[in-house]
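Trainee: Hey, can you work out the whole structure from these sequences and the hints?
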Amino acid sequence: MTTKPLKLKELAKGEERFMHGHRMCAGCGAPIIVKQVLMATDYPIIASNATGCLEVSTCIQQYTAWKIPWIHSAFENAAATISGVEAMYKSLVKQGKIEDKQVKFIAFGGDGGTYDIGFQSLSGAMERGHDMMYICYDNGAYMNTGIQRSSATPFGANTTTCPAGDVIPGKPQQRKDLSRIMAAHGIPYVAQASPAHWMDLMKKVQKAFEIKGPKFMNIISPCNRGWRTRTDDAIMLSKLAVDTCYWPLYEIENGVTKITVKPKEKKPLADFLKPQGRFKHMFAPGNEWMLKQAQEYVDAQWERLLREDASGKDEAGEKV
Amino acid sequence: MGKIVAVTGNEACAQALKQINPDVCAAYPITPATDLMQRFSGFVNDGKVDTELVLVESEHSAMSACIGAAAAGGRVATATSSQGLALMWEMLYIAAGSRLPIIMPLVNRALSAPLNIHGDHSDGMGARDTGWIQIYSENAQEAYDNLIQSFRIAEHLDIRTPAMVCMDGFIVSHSIERVEYIDDADVKNFVGKFQAVHPLLDLDNPKSYGPLILTDLYHEYKRAQHEVMTKVPKVALEVAADFEKMTGRKYGLFETYRLEDAEIAIVVMSSAAGTTKDIIDEYRDKGIKAGLLKPRLFRPFPYLEIADALKHVKAIAVLDRADSFGGYGPLFMEISGAVMSMDTKPAMINKIFGLGGRDYLPDQAEQVLDELVKIAKTGKVENVKEYIGVRE
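Protein chains in written order, with our numbering: chain A, 1 to 320; chain B, 1 to 392.
No lab work stands behind these hints, which were simulated from the structure alone. It is possible that part of the hints are untrue.
[Unchecked claim] So the derived label-pair ranges between C-beta atoms look like this:
#: 1; chain 1: B; residue 1: His198; chain 2: A; residue 2: Trp289; range: 53 to 59 Å
#: 2; chain 1: B; residue 1: His198; chain 2: A; residue 2: Lys212; range: 27 to 33 Å
#: 3; chain 1: A; residue 1: Thr3; chain 2: B; residue 2: Ala113; range: 51 to 57 Å
#: 4; chain 1: A; residue 1: His185; chain 2: B; residue 2: Leu361; range: 50 to 56 Å
Glycine included, every Cβ here is placed at the ideal spot set by N, Cα and C.
Mentor: In structure tokens form, the structure reads like this:
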């Protein structure tokens with residue numbers, strides 16, 4: 001199948017496979033991500049969905065927002081579930097019971113269902129080499145159950161289970177770097193994306209679908225309820241996340257790291273944190289150390305990524 | 001007539017799966033079921049079956065992958081025991097609630113703690129309310145026959161509900177017995193072609209599986225699930241009738257042994273029924289009217305039919321190879337439920353036996369029958385629930 005051109009005018013004419021009428025919160029990043037992912041390709045897609053905001057809000061009773069075959073079974077097993085669907089497809093095609101229509105398989109999960117409770121199932125499915133893509137919409141906490149901390153929650157964030165208290169001011173730990181962990185599985189394609197950079201996101205989806213085997217994409221997904229921001233800040237914040245290098249856009253293809261969008265000017269992390277109520281206490285007098293620690297972590301991660309990006313290139317800056 | 005072989009219960013079940021040739025199996029090894037899927041893996045790698053084998057990283061993922069595969073639209077099987085079934089627990093309800101006819105040999109084993117790998121029914125009884133059909137087998141032949149029949153029952157278009165086919169860990173799974181295999185072509189013909197209902201792989205008619213359904217309709221969904229279960233006995237009997245035509249081997253919802261004119265009876269499931277039958281013969285020789293009832297279909301439980309079969313009995317001992325701590329044994333509770341519909345109720349006692357693979361010996365059956373003789377005479381029950389075969 002030829003990869004379709006990413007022109008807004010053309011994309012807008014395409015058939016919508018994720019419909020309006022779902023009950024996601026206004027301004028949520030997740031449905032924007034799902035739309036961009038599905039819009040990027042014309043391949044037939046079958047998706048599984050971990051329990052979470054996206055799942056509970058898109059298929060309620062006799063209504064579904066999904067015009068693709070879709071399955072939710074539980075919280076921790078979107079990867080295992082879609083691996084079963086993929087295995088059945090493979091089996092029936094192999095036996096000549098159905099025709100090979102180049103179906104692509106996606107598992108969608110939030111950071112809770114991906115970084116934490118679904119981590120084992122994800123790791124297993126990736127190791128087994130299913131021809132599937134796992135997409136994590138990372139909003140940095142268990143938003144569906146009411147903003148509890150996850151291992152994706154950034155350092156210092158105020159959540160309902162790590163509140164900014166008098167003794168412990170928010171989440172004490174840095175976030176788990178899941179994209180890197182997935183790359184360590186040796187799978188052919190890992191990428192980070194942001195809905196603000198829709199072209200970059202969709203190109204990555206297109207690229208991933210041309211690669212056989214397990215793929216993983218981690219996509220930042222602003223949540224105005226959990227991040228304590230205005231309703232219409234999702235795109236602004238997902239851009240700031242990239243510009244501050246909090247959420248670098250890169251891909252690791254067959255072990256080679258490439259930064260796909262390098263901010264012209266790296267902005268201070270505070271620019272990303274300041275508009276979010278969950279970091280408010282970090283700007284209070286006496287908590288300067290928190291901002292400093294958060295910035296140092298982002299800097300170190302970014303420096304490492306730059307080195308890795310450079311290591312795969314020759315002197316002229318071309319990828320080797 | 002098929003080939004007569006000397007095989008273990010696991011080997012017989014692996015053979016049945018080979019003959020059925022499921023489209024997908026997803027499994028994780030656990031003692032004593034390991035050997036079953038291990039043998040099946042050999043069939044896969046030797047090209048004897050078309051099955052896509054998904055070797056997952058846990059039983060939770062095994063059942064999750066089975067759910068995905070079954071929803072995709074094809075024949076699916078797995079196997080497990082004990083802790084493996086316990087880890088699947090969440091997904092068992094989802095498989096049943098989603099009406100996916102997954103088949104699972106359950107090699108019954110004790111649950112930890114303390115850790116024990118040997119046979120008892122704690123695992124199966126813990127899955128009693130999951131919405132799965134449960135069929136219990138006495139020996140390797142029954143495990144083989146039940147496994148083949150279970151596909152027809154579970155996949156029946158009126159049922160479409162997952163089924164577990166149980167056999168006692170080690171006692172049956174690892175003991176070599178005489179088993180009569182059915183010819184490959186006959187098994188294939190008996191089980192028939194899989195009919196997919198609402199498959200995910202039907203791209204032209206996209207389906208959503210696993211919706212959120214709250215207070216307004218959840219209750220109705222659950223009643224519908226119950227109603228489906230009430231249809232299982234009829235289907236199980238139809239399938240058994242076809243099976244008898246093919247093999248000459250007769251199956252019912254339960255088996256009775258010398259029960260017709262019995263005054264005392266033992267109700268016991270699985271391998272212990274074999275030992276009990278021998279002792280009943282001895283007591284019959286002594287002129288004592290003893291009989292046995294061995295449930296085969298545990299879920300759904302045929303209350304009325306069992307009540308009818310036991311209605312003339314004066315005293316009943318229900319032997320449970322599992323316990324509900326602080327309650328009566330699970331099988332005893334079912335038989336009590338059946339007895340409720342009788343006009344004249346028999347005296348009943350409950351014996352917990354054989355936990356963690358403790359041998360069930362002939363003298364235990366004798367002890368129970370002696371007690372029943374006394375109770376039938378006096379009508380007095382001194383101790384309703386008691387452990388037998390305990391080292392004091």
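Trainee: Given a hint of 50 to 56 Å, does the C-beta separation of A:His185 and B:Leu361 actually sit inside it?
Mentor: Since the Cβ atoms of A:His185 and B:Leu361 sit about 52 Å apart, the hinted range of 50 to 56 Å holds.
Trainee: Given the hint of 27 to 33 Å, is the C-beta distance from B:His198 to A:Lys212 inside that range or not?
Mentor: 28 Å, holds
Trainee: Does the beta carbon distance between A:Thr3 and B:Ala113 stay inside 51 to 57 Å, or does it fall outside?
Mentor: 56 Å, holds
Trainee: Holds or violated: the 53 to 59 Å window for the beta-carbon distance between B:His198 and A:Trp289?
Mentor: Cβ of B:His198 to Cβ of A:Trp289: about 57 Å, so the range 53 to 59 Å holds.
Checked against the numbered hints above, the structure breaks none of them.
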